[in-house]
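> Residue strings, one per chain:
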Amino acid sequence: MVSLKKLVKEIKEIIPSFEELAEVVDPLYRGEAFYSSSSISAFRAIEKKDLYERATPEKITDGEHFELISPPRGFEISEVSVKDSEVRVKIDFVNSIFADVMRVMCNVGLMLIVLFSMFYFAGINPSDNLNLEVQKWSNSASTFWKEVKGIDAKGYSWFLTNLLDPENDIILSVVLLALTPVVGLITAIPRASGMLRIIFLIITIEFVYAIFRVLISQTPAGH
Amino acid sequence: MTHMVSDTVNLWSKMSLIVIVLILVTVSTAFVLLGIESVTIYAPLWLKWVILVFLFAFVIGIIGPLSGVGGGVVFVGLGMAMLPFHVDFIRGAGLVAALTTSLNSAPYFTKKGLANLRIVAPLVAVSTIFSVFGGVMGLWLSNSFPGGSYYVKMSLGVVLLILLAALGRSKNVEYPKPKKKDKLAEKLELRGAWFEPTLNKVVTYEATNLPLAMLAFSGVGFIAGMFGLGAGWANVPILNLVMGIPLKVAVATSMLILAINDSASLWVYVANGAVLPIIVVPVIMGIGIGSRIGSRLAAKTKPKIIKRLVIGLIALSGVVNIIQGLSGIGILNFT
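Here the protein sequences come in this chain order: L and Y. Using the numbering used here, you'd call the opening residue of the first sequence number 29 and step up by one each time. Using the numbering used here, you'd call the opening residue of the second sequence number 3 and step up by one each time.
Calculated directly from the structure, the hints in this document are not laboratory data. Errors might be hidden in some of the hints.
As the list claims (entries may be wrong) - Below, simulated DSS-like cross-link-like pairs (lysine-lysine); rule was C-alpha separation at most 30 Å, straight line:
no., chain 1, residue 1, chain 2, residue 2
1, Y, Lys179, Y, Lys309
2, Y, Lys183, Y, Lys250
3, Y, Lys250, Y, Lys179
4, Y, Lys185, Y, Lys173
5, L, Lys164, Y, Lys50
6, L, Lys177, Y, Lys50
7, Y, Lys309, Y, Lys250
8, Y, Lys250, Y, Lys306
9, Y, Lys179, Y, Lys189
10, Y, Lys50, Y, Lys173
11, Y, Lys173, Y, Lys306
12, L, Lys34, Y, Lys309
13, L, Lys37, Y, Lys306
14, Y, Lys306, L, Lys33
15, L, Lys34, Y, Lys306
16, L, Lys182, L, Lys164
17, L, Lys174, L, Lys164
18, Y, Lys250, Y, Lys173
19, L, Lys177, L, Lys164
20, Y, Lys250, Y, Lys181
21, Y, Lys309, L, Lys37
22, Y, Lys50, L, Lys174
23, Y, Lys173, Y, Lys183
24, Y, Lys185, Y, Lys250
A quick note: this is a predicted structure, and the numbers were derived from the prediction, not measured.
Hey, can you work out the whole structure from these sequences and the hints?
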């Protein structure tokens with residue numbers, strides 16, 4: 029009887045409570061995609077534990093509400109100043125801009141994917157034959173699209189020309205996610221200076237090449 | 003602990019949990035019923051597959067953070083070995099999953115200064131172009147001649163076995179000792195600082211060995227693009243052991259590098275029709291939800307058994323991919 033109670037107790041310890049499980053669906057980090065700004069008090073439990081046990085939270089900038097010591101000029105990551113025993117870690121403006129772009133575009137992209145998926149799986153477009161797709165998905169991408177939809181899947185026109193098809197809209201939403209770094213870089217370039225601006229420009233040019241190379245080259249896989 | 007947790011969990015999270023549990027119960031029940039009664043109850047074939055792929059990605063999403071190895075590697079490795087999709091579609095889905103996962107958490111790290119954009123910039127200037135070349139090479143290999151996909155499988159198998167060797171040998175250092183500075187890193191001012199709550203102090207660091215790291219990242223970018231892998235398993239040791247960046251910053255910076263690299267090579271896959279929504283959607287959802295649960299569980303406990311299980315799975319998928327590749331090109335015969 030005692031061992032049974034012990035067993036039950038051990039099982040109870042293993043099984044997480046409802047509150048602990050609910051914590052799972054709470055966004056992991058402040059500032060990440062889908063984090064609700066209204067739930068600012070809902071700190072990540074682990075962070076909160078650390079802060080309570082080790083530090084005095086009111087003296088710490090949290091990275092989201094950083095204080096600009098001077099107007100942004102070029103790249104000045106994590107400049108640290110100590111003022112009246114207060115620790116402030118300054119996060120560079122370029123970091124902040126890039127993070128905001130990532131967060132917004134990730135939210136929009138994922139929401140669109142979810143939205144169009146509902147239409148796609150509901151089968152509102154008769155040209156989306158999902159059973160045929162399942163039968164043909166062991167073929168290479170080019171053969172697959174030819175046999176399923178009769179299209180030549182090269183470049184971007186194959187999904188951009190028919191945006192009433194939710195399948196194409198999902199691909200367009202994925203493209204939006206893939207655009208995130210370019211948009212982030214273009215937004216950050218004016219705020220960067222010196223070598224960093226040049227490097228940002230180089231990366232942007234590389235992205236432009238990645239996007240348009242397939243339109244320039246007509247051979248298989250863009251060769 | 004429970005009181006503290008309950009303080010932090012808002013109503014939205016509780017409602018989300020209920021919705022997720024309902025979806026999971028419905029999906030699992032439907033899957034079981036469809037599987038058992040496929041003869042008597044009409045169930046479209048695609049629906050069974052969507053559910054199966056979702057559950058496959060969901061489980062991988064959970065065990066990824068628990069094992070410390072990214073879910074993308076496990077997904078692509080196991081997916082190529084087990085799932086019936088063409089290698090193009092598995093790599094495309096792997097890239098989209100890695101991109102969404104990294105885009106999800108990178109903003110937090112970037113705003114906090116843990117993901118250091120100044121360190122990321124010169125590295126991705128090299129790795130981005132190589133990841134595009136990797137994507138082009140990977141698709142060329144699988145499409146340009148008969149049996150090309152078997153060569154992709156074989157190469158992936160070899161990469162997975164190298165990954166295992168790297169996992170076994172490299173021991174990341176939380177706070178590496180300062181190394182001799184190199185001129186390029188110094189000129190680009192590759193340094194930073196962050197507030198570390200567990201130490202209750204600001205930790206500063208300086209990166210070094212930039213030329214060597216750039217060379218290493220060109221290889222990592224190529225492999226990531228070619229196989230549709232996230233490649234965090236390679237990024238973190240290079241940042242930590244070669245460049246001397248603290249582990250926490252290395253992990254966060256790796257996330258940002260993944261977000262940039264993966265999106266560059268994803269363009270190649272989109273432009274060649276290798277992003278298939280019927281596969282991509284359940285994979286994003288499965289890995290997205292699963293990795294969130296896995297991350298929470300990993301914060302509490304990291305059972306060694308899970309890590310061993312994942313290492314075993316990677317080894318198995320590496321070997322199976324090599325065998326399938328060799329069989330496909332006629333070197334091995336298992337019939």
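> Taking the hints in turn, state whether each one holds.
Quick rundown of the hints versus the structure:
no.: 1; hint: Y/Lys179 <-> Y/Lys309; result: holds, 28 Å
no.: 2; hint: Y/Lys183 <-> Y/Lys250; result: holds, 21 Å
no.: 3; hint: Y/Lys250 <-> Y/Lys179; result: holds, 15 Å
no.: 4; hint: Y/Lys185 <-> Y/Lys173; result: holds, 27 Å
no.: 5; hint: L/Lys164 <-> Y/Lys50; result: holds, 16 Å
no.: 6; hint: L/Lys177 <-> Y/Lys50; result: holds, 22 Å
no.: 7; hint: Y/Lys309 <-> Y/Lys250; result: holds, 20 Å
no.: 8; hint: Y/Lys250 <-> Y/Lys306; result: holds, 21 Å
no.: 9; hint: Y/Lys179 <-> Y/Lys189; result: holds, 21 Å
no.: 10; hint: Y/Lys50 <-> Y/Lys173; result: violated, 42 Å
no.: 11; hint: Y/Lys173 <-> Y/Lys306; result: holds, 16 Å
no.: 12; hint: L/Lys34 <-> Y/Lys309; result: holds, 29 Å
no.: 13; hint: L/Lys37 <-> Y/Lys306; result: holds, 24 Å
no.: 14; hint: Y/Lys306 <-> L/Lys33; result: holds, 28 Å
no.: 15; hint: L/Lys34 <-> Y/Lys306; result: holds, 25 Å
no.: 16; hint: L/Lys182 <-> L/Lys164; result: holds, 18 Å
no.: 17; hint: L/Lys174 <-> L/Lys164; result: holds, 10 Å
no.: 18; hint: Y/Lys250 <-> Y/Lys173; result: holds, 14 Å
no.: 19; hint: L/Lys177 <-> L/Lys164; result: holds, 11 Å
no.: 20; hint: Y/Lys250 <-> Y/Lys181; result: holds, 18 Å
no.: 21; hint: Y/Lys309 <-> L/Lys37; result: holds, 27 Å
no.: 22; hint: Y/Lys50 <-> L/Lys174; result: holds, 24 Å
no.: 23; hint: Y/Lys173 <-> Y/Lys183; result: holds, 22 Å
no.: 24; hint: Y/Lys185 <-> Y/Lys250; result: holds, 25 Å
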